[in-house]
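With the hints as extra help, turn the sequences into a complete structure.
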Amino acid sequence: MEKELDHQKELQLLPPPPPPHPAPSSSSRALPWFHHNRTRSRPPLYRPPYSIDNGGDDNDNLHHHHHHGHGGGGMGGSGPSLDLKLSISLEPAEAGDFGCIEGLKWQAAEQIRLAAIEKAYAERVRELTRREIELAHSEFARARALWDKAREEVVKAERLRDTATACMGEITCHSCRQSPPSFYEMG
Numbered sequence: 001m002e003k004e005l006d007h008q009k010e011l012q013l014l015p016p017p018p019p020p021h022p023a024p025s026s027s028s029r030a031l032p033w034f035h036h037n038r039t040r041s042r043p044p045l046y047r048p049p050y051s052i053d054n055g056g057d058d059n060d061n062l063h064h065h066h067h068h069g070h071g072g073g074g075m076g077g078s079g080p081s082l083d084l085k086l087s088i089s090l091e092p093a094e095a096g097d098f099g100c101i102e103g104l105k106w107q108a109a110e111q112i113r114l115a116a117i118e119k120a121y122a123e124r125v126r127e128l129t130r131r132e133i134e135l136a137h138s139e140f141a142r143a144r145a146l147w148d149k150a151r152e153e154v155v156k157a158e159r160l161r162d163t164a165t166a167c168m169g170e171i172t173c174h175s176c177r178q179s180p181p182s183f184y185e186m187g
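Using full-length UniProt numbering, the first residue of the sequence shown is number 1, and each one after it goes up by one.
Calculated from the structure, these hints are not laboratory results. Computed from a prediction, not measured in an experiment: that's the story for all the values here. Treat the hints with caution; some may be incorrect.
[Said to hold, decoys possible] With a straight-line Cα cutoff of 20 Å, these simulated EDC-like cross-link-like pairs (lysine to aspartate or glutamate) come out: (1) 9 <-> 123; (2) 9 <-> 139; (3) 119 <-> 2; (4) 9 <-> 110; (5) 149 <-> 139; (6) 3 <-> 123; (7) 119 <-> 6; (8) 3 <-> 127; (9) 119 <-> 4; (10) 3 <-> 158.
[What the hints assert, rightly or not] Okay, the calculated beta carbon distance ranges per label pair: (11) 130 <-> 167: 50 to 58 Å; (12) 2 <-> 117: 16 to 24 Å; (13) 160 <-> 127: 45 to 53 Å; (14) 5 <-> 105: 35 to 43 Å.
Think of the CB as a built atom: it goes at the ideal place given N, C-alpha and C, for glycine as much as any other residue.
Written out as structure tokens, the structure reads:
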């Protein structure tokens, strides 16, 4: 119950989705993923304004290649190199930047929301698995107790059979197959 309350609190902290944005312009600035293609199942990661040359795969979603005409960069091409171009500016942000920032905030909030859902699902699966294991242990213990009880009954039945056989041997004479004399005959 407490976990559900924590989960609800986490979801309440998430910002609501941003309001609709104007149609994309032909500006050279990067637009949020939802302006490019609304049919994608997973949004691409935001490309930072600096370049990361990891010397590897173009399909890597975590690092993007940007060639800005800089020299070979770094370690002579034998390993990953990092070429950053960062600048600090006091210029006021343009209106298009706010849409991009809001889009990124919404995207981050959506990823947090999905991660929270996945975490809750994993917790539920873990709890169900734990219950199934406990139930299996309980069923095994009960089956073991039934098996032990049945084995005791078999041993008890074997003892009764042996006792009955011994009694029959005492009552019936094995050599002559006659009953022993009765009490009245002895007297």
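Comparing the hints with the structure gives:
no.: 1; hint: 9 <-> 123; result: holds (17 Å)
no.: 2; hint: 9 <-> 139; result: violated (38 Å)
no.: 3; hint: 119 <-> 2; result: holds (15 Å)
no.: 4; hint: 9 <-> 110; result: holds (15 Å)
no.: 5; hint: 149 <-> 139; result: holds (15 Å)
no.: 6; hint: 3 <-> 123; result: holds (9 Å)
no.: 7; hint: 119 <-> 6; result: holds (12 Å)
no.: 8; hint: 3 <-> 127; result: holds (12 Å)
no.: 9; hint: 119 <-> 4; result: holds (11 Å)
no.: 10; hint: 3 <-> 158; result: violated (57 Å)
no.: 11; hint: 130 <-> 167: 50 to 58 Å; result: holds (55 Å)
no.: 12; hint: 2 <-> 117: 16 to 24 Å; result: holds (18 Å)
no.: 13; hint: 160 <-> 127: 45 to 53 Å; result: holds (49 Å)
no.: 14; hint: 5 <-> 105: 35 to 43 Å; result: violated (25 Å)
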